[in-house]
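One-letter residues, chain by chain:
2 protein chains.
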Amino acid sequence: MNVTKLVCSACGVTFAPGKVYNLCATCGMPLFVLYDLEAAGRTLTKEALRTREANMWRYREVLPVENPAENIVCLGEGWTPLMPMPRLGAELGMANLYIKDEGQNPTGSFKARGMTAAVSMAKELGIKKLAVPSAGNAAGAMAAYAARAGLEAHIFMPQDTPQANVIECREMGAQVTLIDGLITDCGAEVARRKEAEGWFDVSTLKEPYRIEGKKTLGYELAEQLDWELPDALFYPTGGGTGLIGMWKAFDEMEELGWIGSHRPRIYSVQAEGCAPIVRAFEAGQTHAGEFPNAHTKASGLRVPKAIGDFIMLEAIRKSGGGAVAVSDNAMIKAVREVGQLEGLFLAPEGAACYAAMVDLLEAGQIGEDERVVIFNTGTGLKYLECFGED
Amino acid sequence: MNVTKLVCSACGVTFAPGKVYNLCATCGMPLFVLYDLEAAGRTLTKEALRTREANMWRYREVLPVENPAENIVCLGEGWTPLMPMPRLGAELGMANLYIKDEGQNPTGSFKARGMTAAVSMAKELGIKKLAVPSAGNAAGAMAAYAARAGLEAHIFMPQDTPQANVIECREMGAQVTLIDGLITDCGAEVARRKEAEGWFDVSTLKEPYRIEGKKTLGYELAEQLDWELPDALFYPTGGGTGLIGMWKAFDEMEELGWIGSHRPRIYSVQAEGCAPIVRAFEAGQTHAGEFPNAHTKASGLRVPKAIGDFIMLEAIRKSGGGAVAVSDNAMIKAVREVGQLEGLFLAPEGAACYAAMVDLLEAGQIGEDERVVIFNTGTGLKYLECFGED
Chain A
1 MNVTKLVCSA
11 CGVTFAPGKV
21 YNLCATCGMP
31 LFVLYDLEAA
41 GRTLTKEALR
51 TREANMWRYR
61 EVLPVENPAE
71 NIVCLGEGWT
81 PLMPMPRLGA
91 ELGMANLYIK
101 DEGQNPTGSF
111 KARGMTAAVS
121 MAKELGIKKL
131 AVPSAGNAAG
141 AMAAYAARAG
151 LEAHIFMPQD
161 TPQANVIECR
171 EMGAQVTLID
181 GLITDCGAEV
191 ARRKEAEGWF
201 DVSTLKEPYR
211 IEGKKTLGYE
221 LAEQLDWELP
231 DALFYPTGGG
241 TGLIGMWKAF
251 DEMEELGWIG
261 SHRPRIYSVQ
271 AEGCAPIVRA
281 FEAGQTHAGE
291 FPNAHTKASG
301 LRVPKAIGDF
311 IMLEAIRKSG
321 GGAVAVSDNA
331 MIKAVREVGQ
341 LEGLFLAPEG
351 AACYAAMVDL
361 LEAGQIGEDE
371 RVVIFNTGTG
381 LKYLECFGED
Chain B
1 MNVTKLVCSA
11 CGVTFAPGKV
21 YNLCATCGMP
31 LFVLYDLEAA
41 GRTLTKEALR
51 TREANMWRYR
61 EVLPVENPAE
71 NIVCLGEGWT
81 PLMPMPRLGA
91 ELGMANLYIK
101 DEGQNPTGSF
111 KARGMTAAVS
121 MAKELGIKKL
131 AVPSAGNAAG
141 AMAAYAARAG
151 LEAHIFMPQD
161 TPQANVIECR
171 EMGAQVTLID
181 GLITDCGAEV
191 ARRKEAEGWF
201 DVSTLKEPYR
211 IEGKKTLGYE
221 LAEQLDWELP
231 DALFYPTGGG
241 TGLIGMWKAF
251 DEMEELGWIG
261 SHRPRIYSVQ
271 AEGCAPIVRA
281 FEAGQTHAGE
291 FPNAHTKASG
301 LRVPKAIGDF
311 IMLEAIRKSG
321 GGAVAVSDNA
331 MIKAVREVGQ
341 LEGLFLAPEG
351 AACYAAMVDL
361 LEAGQIGEDE
371 RVVIFNTGTG
381 LKYLECFGED
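As given, the protein sequences belong to chains A and B, one line each in that order. Residue numbers for the first sequence follow UniProt numbering, beginning at 1 and rising by one. Residue numbers for the second sequence follow UniProt numbering, beginning at 1 and rising by one.
Since the hints were derived computationally from the structure, they do not count as laboratory data. A portion of the hints provided could be inaccurate.
[Unchecked claim] Chain A is faced by these chain B residues, among others (derived, beta-carbon under 8 angstroms):
| no. | residue |
| --- | --- |
| 1 | Pro81 |
| 2 | Pro106 |
| 3 | Ile259 |
| 4 | Arg336 |
[What the hints assert, rightly or not] Derived DMTMM-like pairs: lysine to aspartate or glutamate, alpha-carbon spacing no greater than 25 angstroms straight-line:
| no. | chain 1 | residue 1 | chain 2 | residue 2 |
| --- | --- | --- | --- | --- |
| 5 | A | Lys297 | B | Glu385 |
| 6 | B | Lys129 | B | Asp180 |
| 7 | A | Lys46 | B | Glu53 |
| 8 | A | Lys46 | B | Asp226 |
| 9 | B | Lys297 | B | Glu385 |
[Said to hold, decoys possible] Calculated from the model, a selection of chain A residues having no Cβ within reach of chain B, i.e. all distances over 12 angstroms:
| no. | residue |
| --- | --- |
| 10 | Val3 |
| 11 | Ala10 |
| 12 | Gly12 |
| 13 | Ala294 |
| 14 | Phe310 |
| 15 | Gln340 |
| 16 | Ala363 |
A quick note: this is a predicted structure, and the numbers were derived from the prediction, not measured. Think of the CB as a built atom: it goes at the ideal place given N, C-alpha and C, for glycine as much as any other residue.
Using the sequences and the hints given, assemble the complete structure.
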């Protein structure tokens, strides 16, 4: 297809496509995929998109798979609805509030996007055994795509990950190991064992393709809003691949001539109990230290240290956005607020974005007439433990 | 739009559109909606569909809402993926096996289709309070669409309905009552209280529009297979609205000139612990008696008596299909068989269809070269109680 090279996000060293990569061999930082966008734009046009398939592979010219017919491992991921929220908007006095519902993906979360790309590339590159540390939803997605591709999936999750994640992985035939610790401890276990076991490490941003899948969120956002990006977007940030991916997509779309130089203000949303990006943003730091004693019901936000922290912080600042922490109580309350007015069962992470948006609206940082998009990264069905009896 | 009248499925009496209906005022049987298909076909063409929205309202000319812009209550339902199953197929020696994954609907099940139609029509007709007896997934869908429409939702479910269903309803702001009994007991409770409470009864086939939503399964099946229906389809049958709806859709599409007179063989799949249709089919009966001591882990199949039994039995027989019962053990085993080869986490009801299909393949009733579609009616995430520790 149109991949020209891979480039290190930190030191800029480049690598030839068609080989197996994890992090930059020079500096150990994440790699990005670069494309010949002029070539891509010859067949990938706004007009062509009107009749493309209703999944994220509609953007295949800017995705890394070389032989799509053979190697795309698809379960129908992406092209999720971006829905106006008229009843919530009326409550808040907002005319242009939207939720993008990633809960309608296969495996019930946005992680399907990254994993379809990573597993498709693993298949294309001849990799046979995959391993991943996960807060839960990445695990379920990897288990599903690995199964569909016929690859081994070795999954490491914290012991207190929601039951839904553990059960879905087992039913997809994955090897599941529960660790008494956080996702960082799971990552350390994968790192310790991968060489001896012959596993390919699919950790967030430690291979170059999950971010390529996630960036389709940005393409869809533009296409679904008729190529006019919103004023602000709220995105729950664990590892941050989606945020970084969208930022990359915006640049690619500008180069394709599809959008201008305007960017939405990006608000990273985290939990009060685990807010490394918020803390670093407020302190004016370029990198985020590991957050101590990380705890939150929003398991996807229980990521005390993200390798892509510096990329996120730069994107947030360049966009003129910010970083907001939300309490667990506020996010669980927000699930029901959104549910009873609009009928969407949000994941706590998505609900956190709604709560953060309301906070900034009240603080005057979001205008009532602005076009605002909230990302719901998964279905609440995967978080039953968070909800009480009444 | 194009509704001409409603007609009783049993006695043939007709009714004018635009009014509130439950069952036939003459004989108490379900009503069907009829359309001016010539008028519908002027704008609803195969060509027009190529650029329509990726949800079931793409077929709005053959759906009952008079004022779509005002009254459609949409959460992105329908246009779910119909996926080839190459790895399962290879195991079984089948070249053309597909699963339609209804788990990717809003609320994680096919019930979204019926409820978007029923709630949209309730909104259009000025109804304010809805009530429904449900085995679980219809409840979650009604709660969601009622919330989005701003209508009251009163929900009655058996006490042992999966937790996911109970929690999703509560988080959508519905009034939930758990009954020590079966869906038939829940239905009796709705019937007993609805007049005093001013509730509109949204029970399966007791209002005319859920079936209209469900019939879009048939339209999608045809469109996704490039207007050539499969040889056989396996559909899990509780109340049977989807089966009856598809049968209706096939006739409509023939009248639209989109397909010929060929019909797929329809196989109704039930649980051994609750198989009224299978029993009636095998006994050559036109109606199905209430199944005693109904029990199965597939909560959606725990429907001992369905008002549309006679319509289902007629469609199954006319199609040259059949009715098959599957044990709970077989369906739970099938979840993992499909999961580890294809990465889909099926509901037990969908897995039952897979198990039934394998049985008929081994019995020679399904040919290895036939094009076969299995309907997975929901995500396994809503049935965590069914899956063990191991």
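Quiz item: Which of the listed hints are broken here?
Solution: 3, 15
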